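Can you build the whole structure from these sequences, using the hints too?
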Amino acid sequence: MTELNRRNFIRSASLATGSILFFSSCRNQTGGYLFFTGEEALCLIAFCEQIIPKDDSPGATDAGVIYYIDRQLSTIFQYDQETYRNGIRNLQGYCNKKFGKSFEKVDFAEQTKLLKQLENNKLQEIEWPLGRSSDFFNLVRSHTMQGFYGSPIHGGNKDYLSFRMLKIDYPLVIGQNRYRSL
Amino acid sequence: MANKHVNALVVGAGAGGGVVAKELATAGISVVLFERGEWPIYDEHPNDELISQRTEVLGSPFGPDHLKNPRVLINKEGKKEIATPIRGGYSNNAACVGSGTVSYGAMAWRFMEEDFQLKTVYGAVAGSTLDDWPITYQDLEPCYEKAEWEIGVSGDDTQNPFAPPRKKKQPMPPFEYNQEARVLYDASKRLGMHPFPLPMLRNSVPYNGRAACIRNRTCCGYACPVNAKNGSQNTVIPVAMATGNCEVRTGSKVVEIMVDDRGKATGVKYFDKNEKPQVQTADLIVVSGAAIETARLLLNSKSKLFPHGAGNNFDWVGRNLMGHAYTGAYGLFDWDILDFSGPGATVAWCDFNHHNPGIVGGGLLANEFNRLPFLYCGVRPPGSERWGKEHKDFQRNMYHRTAQVVGPIQEMPMYESRVTVDQEVKDFWGIPVAALSGDRHPLDYEHCKFLSSKAEAILKEAGAYQTWQSVGGQGGPSGGQHQNGTARMGNDKNTSVVNRYGQVHEIDNLFVADGSIMLNGGGFNPALTIMALGFWVGGHIARNFAGTKFK
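Protein chains in written order, with this note's numbering: chain A, 1 to 182; chain B, 183 to 733.
Please note that a few of the clues may not be correct.
What the hints assert, rightly or not - A short, non-exhaustive set of chain A residues, derived as facing chain B with CB atoms under 7 Å:
#1 ILE51
#2 PRO53
#3 VAL106
#4 ALA109
#5 LEU139
#6 ARG141
#7 GLN146
#8 TYR149
Claimed, not checked - Below, computed lysine to aspartate or glutamate pairings styled on EDC-like, alpha-carbon distance capped at 16 Å:
#9 A/LYS113 <-> B/GLU572
#10 A/LYS116 <-> B/GLU572
#11 B/LYS250 <-> B/GLU572
#12 B/LYS371 <-> B/GLU572
#13 A/LYS116 <-> B/ASP454
Quick caveat, the hints were computed from the structure, so don't treat them as lab data.
From a predicted model like this one, the values you see are computed outputs, not experimental measurements.
We treat Cβ as the ideally placed atom computed from N, Cα and C, and that holds for glycine.
What follows is the structure in structure tokens.
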């Protein structure tokens, strides 16, 4: 018998019967997040800000990318929940050990260096115990880009700020020549 | 209460199915046109890049439901993975009335004569099932003309020296070039190439009672806000319905073709809008579900004389799955070459479709339709930073200063690139799903490198200060929105599924009229050819069907 990706199959099968299964680690959060704990969010906000930093124009934090990722993880990206949980846990574990503080409190340049290591799988298994660091990195990178450059209707790109940056704001928008009320 | 028996069923209201329904209905044949989706609604996803027909990251704007319709991908080692419409490798086609023709880029290409006779022109290709079609371009020419006039095409083939012969011109004048097209036009002429205006299934002027295109740049992947993009849903299907002979039955998922013990198709089983199982009987059936779902339906339709699926006694159903690898190049300019005049792609070249030394076939080139923010995140010269300030700077500074020339490569059909049915994984309705497996022919990558080099040459000549190629054609199997090949035409039932009229060998009243019956995909977007095949198959049925059976 050939091997199915059993986790995806079970998820797909259970979703296919019309019920939405939340993983046991998901719970209602304070701090306005559907999925993340307050601490997890602080870590991820700093991570996303590394991906798209504020300069002359707003960055990922200003755009509210965290809300995009939080919302999608609770709904359409449920199968990525474990990757985020484990990735953030690994990242904080490593930072506390190496720097004596959590990721978001580490100096910006050090954060950049560390994320490059994650991107290229440069940490030892003992330093990054659960999953491949590049899988986690690439997921956050991709979701940050979606949340920053996608439509605000999905939770990020606050007030179309990335479209303003790209000079494709009103009256030039994607798909048709008017904004839809959110 | 049982459904009333009708003359004909058409499964799938897309480019092929919509045309067939019209040909039958206007000939007085009663038709039920099944569509698993609904009529498209413009207002649902108008300006959302992440839910668009090109980028289905957060959903498919025209379905199908991503939770209810899994497929299986089988890699080279035999390992299986579940794919959904929003998780890569699925090869989705819009599930709505009109299907892809609602939101497509709408390029309106006639294949060239050579595209129907690749084996004669180039010889056999080792490792490929490359072969000639049992019909020629001349057979299909009147059907191309019907498609151009009844659905509506803008263009001027007199400007394309490689255009195949035609009796009648395209009904509407071509679209004007946008800014980058003019620059690329001039550059390519200096290189001795033959640029011309891209033919489109889109109203350049008012036509068929609908408005002219408003020149929205970000058109491809979206339904048209003024209904100027021509598909089967706003042309032939309403004509079919107006005869009184055609019922469009939406929300209906056909899951099996019933074939009796004597090898005659008798009707279909389907799930209706309320998910109730139903039966609809008819005198004849035409399948137009696109290459993957058509193959799946045939394979799931087992009967006494066809234990391996309808028309599949010789194991050709689902074989030769193809699509189009896209390949081209990018150029960076020191001025704002991008303008926002749509439909975006306006200039094309057919210099490289055929008779390129050492290349079997080839493909067209054109300037690219869209510039969209999230997709642009991936457009970077090799060696660029993938994130951080440098990535953001490039996004901001170069968004208006990048041009792209790109085209679809003619793929070499592979017997082992195929659609099968997975017996373990089932969809929401309990029906075994399509499984995709196999690999591309190694020539696809070589051919893509060739076409990309031509694209890069145009951009360099146009004054780009930096260019790079984006070469497709690696990793298979192919498929995607241009999927074709899985129920190929042929004169020999041992090596094909349907005859030259799309009639399934050995099941006289079962037909296929979509991209599945093509033997190769051309180096062209296939929609107009699929519509022409709809006129071809539908016209044949209409002429030969008398009352309850064929003459």
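Status of the hints after comparison with the structure:
The beta carbon of A/ILE51 comes within 5 Å of a beta carbon in chain B, closer than 7 Å, and the hint placing it at the interface holds. Annotation: A/PRO53 was flagged as interfacial toward chain B, and the flag holds, the nearest CB pair being 6 Å apart, inside 7 Å. Here the hint on A/VAL106 is broken, as its CB sits about 16 Å from the closest CB of chain B, past 7 Å. The interface hint given for A/ALA109 is violated, since its Cβ lies 11 Å from the closest Cβ of chain B, which is over the 7 Å cut-off.
The closest approach between the C-beta of A/LEU139 and any C-beta of chain B is roughly 12 Å, which is over the 7 Å cut-off, so the hint fails. Satisfaction of the interface hint for A/ARG141 is found here, the shortest Cβ-Cβ separation to chain B being roughly 5 Å, below the 7 Å cut-off. For A/GLN146, the interface hint holds, since its Cβ comes within 7 Å of a Cβ in chain B; the closest pair sits about 6 Å apart. Here the hint on A/TYR149 is kept, as its CB sits about 4 Å from the closest CB of chain B, short of 7 Å.
Annotation: proposed proximity of A/LYS113 to B/GLU572 holds, straight-line Cα distance about 15 Å (limit 16 Å). As the CA atoms of A/LYS116 and B/GLU572 are separated by approximately 14 Å, the hinted pair is consistent with the 16 Å bound. Straight-line distance between C-alpha atoms of B/LYS250 and B/GLU572 comes to about 41 Å, which puts the hinted pair past the 16 Å bound. Only pairs whose Cα atoms come within 16 Å are accepted, and B/LYS371 paired with B/GLU572 is rejected, the gap being roughly 36 Å.
Simply put, A/LYS116 and B/ASP454 have alpha-carbon atoms about 52 Å apart, too far for the 16 Å limit, and the pair is violated.
Against the hints set out earlier in the document, violations occur for numbers 3, 4, 5, 11, 12, 13.
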